[in-house]
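Chemist: So the protein sequences, as listed, match chains A and B.
Position one of the first sequence corresponds to residue 1 (the numbering used here), numbered consecutively onward.
Position one of the second sequence corresponds to residue 1 (the numbering used here), numbered consecutively onward.
Please keep in mind that the hints were generated in silico from the structure rather than gathered at the bench.
The C-beta atom is built at its ideal place from N, Cα and C for all residues, glycine as well.
Mixed in with the good hints there might be a few duds.
To be verified - Below are the DSBU-like pairs computed for lysine-lysine, each with C-alpha atoms no more than 30 Å apart in a straight line:
no.: 1; chain 1: A; residue 1: LYS139; chain 2: A; residue 2: LYS76
no.: 2; chain 1: B; residue 1: LYS294; chain 2: A; residue 2: LYS256
no.: 3; chain 1: A; residue 1: LYS404; chain 2: A; residue 2: LYS358
no.: 4; chain 1: A; residue 1: LYS330; chain 2: A; residue 2: LYS358
no.: 5; chain 1: B; residue 1: LYS294; chain 2: A; residue 2: LYS330
no.: 6; chain 1: A; residue 1: LYS76; chain 2: A; residue 2: LYS230
no.: 7; chain 1: B; residue 1: LYS265; chain 2: B; residue 2: LYS353
no.: 8; chain 1: A; residue 1: LYS350; chain 2: A; residue 2: LYS377
no.: 9; chain 1: A; residue 1: LYS230; chain 2: B; residue 2: LYS265
As the list claims (entries may be wrong) - Over the 12 Å line for every Cβ pair with chain B, so calculated as not near, a few chain A residues:
no.: 10; residue: ASP99
no.: 11; residue: VAL216
no.: 12; residue: PRO236
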Amino acid sequence: MTDSKRFFDLGKSGLTRRTALKGLAAGAGLMAAPGFVRYSQAQSSAPIKIGFQAHRTGIGAAYGRWYEKTTNAAVKLINDAGGINGRPVEIIVEDDGTDPKRGAEVVAKFASQHKTDIVFGTLFSHVVVGSAPTAGELKIPYYVVSEGYHVASGKLNRWVFQPGITDVRSQVTSVAPWVAANLGKKVTMIYPDYAFGYDHRDYFAPAIKAQGGEVVAQIPIPPTESSFTKYLPQIPADTEVLYHVMVGPGVLTFVKELGEFYGSNKPQLFGFIDSLEAVDINSPGLEFLDGSHFWEGSPRYAQANDSEAQKAYRAAVGIDDNGASTTDAKDVSTAAHMFGCWETLYVIKKAMEDSGYKGPEDRAKLVEATEALTEFKEGPEHPQGDKKFNGKIHQVFGHQNISKVEGGKLNVVHRTSIEDGMYEPEGDYTTQPL
Amino acid sequence: MRGTNTAMTIRRSAAAMLAACAITASQTLPALAHASDRGHVLLLPTGHYIAGAALAVAASFLVLALLPPERLTAFWRRRLPLGSIPDLRLPVSLVSFAVFATLVAAGFIGSRDPLSNPLPLTIWTLLWVGLTLAQGLFGNLWHWLNPWYGPYRLVSRAFGAKAGGDSPLRLPDWVGYWPAFILFFAFAWFELIYPAPDDPARLAIAVGSYWLFSFAAMLAFGFERWSRQGEFLSAFFAMIAHFGIVEGDRQGNGLKLALCWPGAKLNEAEALPPSGALFLLATLASVSFDGFSKTFFWLGLNGINPLELPGRSALVATNSLGLAAMFILLAAIGLLAVLVGERLVRSTQPLQKSTCLFVWSIVPIAHAYHFSHYLTSLLVNGQYALVALSDPFARGWNLFGTAHMPVEAGVAMGANSAWLLWNLQATAIVGGHVLAVLVAHLLAWRLHPSAARASLSQLPLTLLMIGYTVFGLWLLSTATAG
Numbered sequence: 001m002t003d004s005k006r007f008f009d010l011g012k013s014g015l016t017r018r019t020a021l022k023g024l025a026a027g028a029g030l031m032a033a034p035g036f037v038r039y040s041q042a043q044s045s046a047p048i049k050i051g052f053q054a055h056r057t058g059i060g061a062a063y064g065r066w067y068e069k070t071t072n073a074a075v076k077l078i079n080d081a082g083g084i085n086g087r088p089v090e091i092i093v094e095d096d097g098t099d100p101k102r103g104a105e106v107v108a109k110f111a112s113q114h115k116t117d118i119v120f121g122t123l124f125s126h127v128v129v130g131s132a133p134t135a136g137e138l139k140i141p142y143y144v145v146s147e148g149y150h151v152a153s154g155k156l157n158r159w160v161f162q163p164g165i166t167d168v169r170s171q172v173t174s175v176a177p178w179v180a181a182n183l184g185k186k187v188t189m190i191y192p193d194y195a196f197g198y199d200h201r202d203y204f205a206p207a208i209k210a211q212g213g214e215v216v217a218q219i220p221i222p223p224t225e226s227s228f229t230k231y232l233p234q235i236p237a238d239t240e241v242l243y244h245v246m247v248g249p250g251v252l253t254f255v256k257e258l259g260e261f262y263g264s265n266k267p268q269l270f271g272f273i274d275s276l277e278a279v280d281i282n283s284p285g286l287e288f289l290d291g292s293h294f295w296e297g298s299p300r301y302a303q304a305n306d307s308e309a310q311k312a313y314r315a316a317v318g319i320d321d322n323g324a325s326t327t328d329a330k331d332v333s334t335a336a337h338m339f340g341c342w343e344t345l346y347v348i349k350k351a352m353e354d355s356g357y358k359g360p361e362d363r364a365k366l367v368e369a370t371e372a373l374t375e376f377k378e379g380p381e382h383p384q385g386d387k388k389f390n391g392k393i394h395q396v397f398g399h400q401n402i403s404k405v406e407g408g409k410l411n412v413v414h415r416t417s418i419e420d421g422m423y424e425p426e427g428d429y430t431t432q433p434l
Numbered sequence: 001m002r003g004t005n006t007a008m009t010i011r012r013s014a015a016a017m018l019a020a021c022a023i024t025a026s027q028t029l030p031a032l033a034h035a036s037d038r039g040h041v042l043l044l045p046t047g048h049y050i051a052g053a054a055l056a057v058a059a060s061f062l063v064l065a066l067l068p069p070e071r072l073t074a075f076w077r078r079r080l081p082l083g084s085i086p087d088l089r090l091p092v093s094l095v096s097f098a099v100f101a102t103l104v105a106a107g108f109i110g111s112r113d114p115l116s117n118p119l120p121l122t123i124w125t126l127l128w129v130g131l132t133l134a135q136g137l138f139g140n141l142w143h144w145l146n147p148w149y150g151p152y153r154l155v156s157r158a159f160g161a162k163a164g165g166d167s168p169l170r171l172p173d174w175v176g177y178w179p180a181f182i183l184f185f186a187f188a189w190f191e192l193i194y195p196a197p198d199d200p201a202r203l204a205i206a207v208g209s210y211w212l213f214s215f216a217a218m219l220a221f222g223f224e225r226w227s228r229q230g231e232f233l234s235a236f237f238a239m240i241a242h243f244g245i246v247e248g249d250r251q252g253n254g255l256k257l258a259l260c261w262p263g264a265k266l267n268e269a270e271a272l273p274p275s276g277a278l279f280l281l282a283t284l285a286s287v288s289f290d291g292f293s294k295t296f297f298w299l300g301l302n303g304i305n306p307l308e309l310p311g312r313s314a315l316v317a318t319n320s321l322g323l324a325a326m327f328i329l330l331a332a333i334g335l336l337a338v339l340v341g342e343r344l345v346r347s348t349q350p351l352q353k354s355t356c357l358f359v360w361s362i363v364p365i366a367h368a369y370h371f372s373h374y375l376t377s378l379l380v381n382g383q384y385a386l387v388a389l390s391d392p393f394a395r396g397w398n399l400f401g402t403a404h405m406p407v408e409a410g411v412a413m414g415a416n417s418a419w420l421l422w423n424l425q426a427t428a429i430v431g432g433h434v435l436a437v438l439v440a441h442l443l444a445w446r447l448h449p450s451a452a453r454a455s456l457s458q459l460p461l462t463l464l465m466i467g468y469t470v471f472g473l474w475l476l477s478t479a480t481a482g
């Protein structure tokens, strides 16, 4: 399936959750071995501690599992290649229960109890927003993988970064030119009636207008709905593109009812894979999606033109050509987002190396070194593609994929340029004191 | 020092929450809500299943009404001897205690990840989910596995006391099952509502303190007495073991085992005191509320967006009230059903006696719902538990050869699994309710030795059970958060 030898030689043994831990135990054994020069290297050989704020329980748990797998895979490779500044990386997992209040407690625990160097890995926006003030107060760098616009908005603080995944505003903006040019200019938007849906509503409408298109109707759906038939007649008849971003357990019902409403005479459909992340695209009820298009951060299915870096990344994390676990074909990954953990860890590595990071006393230097980064080249460290980083708003910008559902797979038909997703920055964290 | 830290943490959390609210109010925020496996269930014809299940429970009542109770009882009393085994209660309990102590230590010094630390996985998945099911299916395994018995025997022997001898203090009769009731509610609150029941260190403090508290109470009031009325796990496990199919009779130094029908041990069961009846109802209320609290219905009722669930911390007050309300409602409806039934046959039995006898029929319903509600968690977290137990202190050990076993979460994912799991759940719910109808019927015959009167007295309770079948299956098929 993949040729992993070129970039990462993982051998044939699969990576399990404990491999990284085992490596650490071996490192500890080495330190205790006779003849080991402890006095000169005790400081520099101590592991870099990364506090992983993980959604192990609560509504984020399905994503948390894959975030953890990706993180462990990246950390194993980093450690196998000599760690960061010659020191092994140790991941300390704390569950935040996908709960903002606990998120803040976990950040405080990392800073004062575990004394980790940084905090990393949060996905859910409300947990990021709940935790960010604590990170700022305790002056501990906080690298999130959340795709929310909250970091880029300038409303968090100088200690919070999102260098491994693009934000929703950028994603939504970047797909508009392709949608207008290929699917149609009259768009009806169906979205859940809360913040997540509003981001799409607020950023897509002006973006499509700039392409000469228009949003002919906006149909917000109350979040507690689990049947959608009564809303579908609100879709104007002249709709060329139906832009849908429904999420939650009702998604399959939504697609099925949409199919029943339209039959074979349907408009073009464009959605965000967030709706069906970790769900088999061939599930009963989703037949209506055949021929429709989705945004994907990183493609779920292996593509014919995958780079060697992409192939190696997939092999290291343990996903097959269908984006499911190599040990469990039913366990579909959160491929569109989880690559962000991998890339974030390599950004942290780069920033720590650039700043000559030695310990918590260098945290401010680490912040400045991260802010000084400007671009990341596509390759083993950034398998999703090259990226540009804006140090003022602490946000990364990259390519987006538009995939078509064909033959039960998602095939990438377009890759946006980085510029497609650029927007005018609204803040500047570098003016805040450290 | 600790107090200062806690105060600081609280202040920080409060500041964080305020900031979060301020930002949430001023800007929009994306969040991902997973199209979970409940999504596949939503596409199944669950309405047909629910109607069919209700009919099945109703039909079982009609069939029972037509069968002569004497024959049923005789049939129910049959036993199939299995032979004798030595009674290993003391050594098994001591091993169990050693394992428990190791797990508590792991809670303090093992991995901080609740899916890698064996303590939360053992307590919540293997013990509360797994052992409860095993007790109800097979019988009183807890009699041996109890981690208090061995240490209690050793300590009492060291102080020269005889097993079963007088305890220093006597638990007054009026106390009944109230201690177990209160402790169970505390446990249920910790499991369902406390923000971090899976946190290894907090759980270690909770279970370690509970062990010490119970041990002290056992030394004070006697092991048997406190296990029956105070220690809620022992009390609960003993009650549901009445439905297990293996019966053990102590004979000399051994145990004589026999196979029996589910619930057959109830033939000898007495009416529970009111506190015991409420204790049983509380166990059903708690597991039902766990399901109910995640439904879009409940969240919508409380103005909470299920697609952007704010986390347990924000739901403590709402769900505490909900849990209490669920219990009160269930107890009130149950009491009303028995009251109306007894009125229908102009019963001369005291209401308390009949209620506290009929409450036994709750057990198979609670057990079936326990199975259905926790099935997915058992299948997935059970695997995490096997992995974690091989390396309890996160030292890279592989004690049982399972440390590197890949956890297959896919067992509970996708449309096919959803169909299979739903069918297993529906079967269990129907089976549990049919058994409940049977149990109630036979208990009614004990109270009213006329087949017609016994059946008539059961009419309201049967309606309640049909209602609960519908409710239980609705909980398992409606849209839920997470």
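Chemist: So, for every hint listed, does it hold in this structure?
Modeler: Outcome of the hint check:
no. : hint                 : result
1   : LYS139/A to LYS76/A  : holds (27 Å)
2   : LYS294/B to LYS256/A : holds (24 Å)
3   : LYS404/A to LYS358/A : violated (47 Å)
4   : LYS330/A to LYS358/A : violated (43 Å)
5   : LYS294/B to LYS330/A : holds (25 Å)
6   : LYS76/A to LYS230/A  : violated (51 Å)
7   : LYS265/B to LYS353/B : holds (19 Å)
8   : LYS350/A to LYS377/A : holds (12 Å)
9   : LYS230/A to LYS265/B : violated (53 Å)
10  : ASP99                : violated (3 Å)
11  : VAL216               : holds (22 Å)
12  : PRO236               : holds (25 Å)
Of the hints listed earlier, those the structure fails to meet are numbers 3, 4, 6, 9, 10, in rising order.
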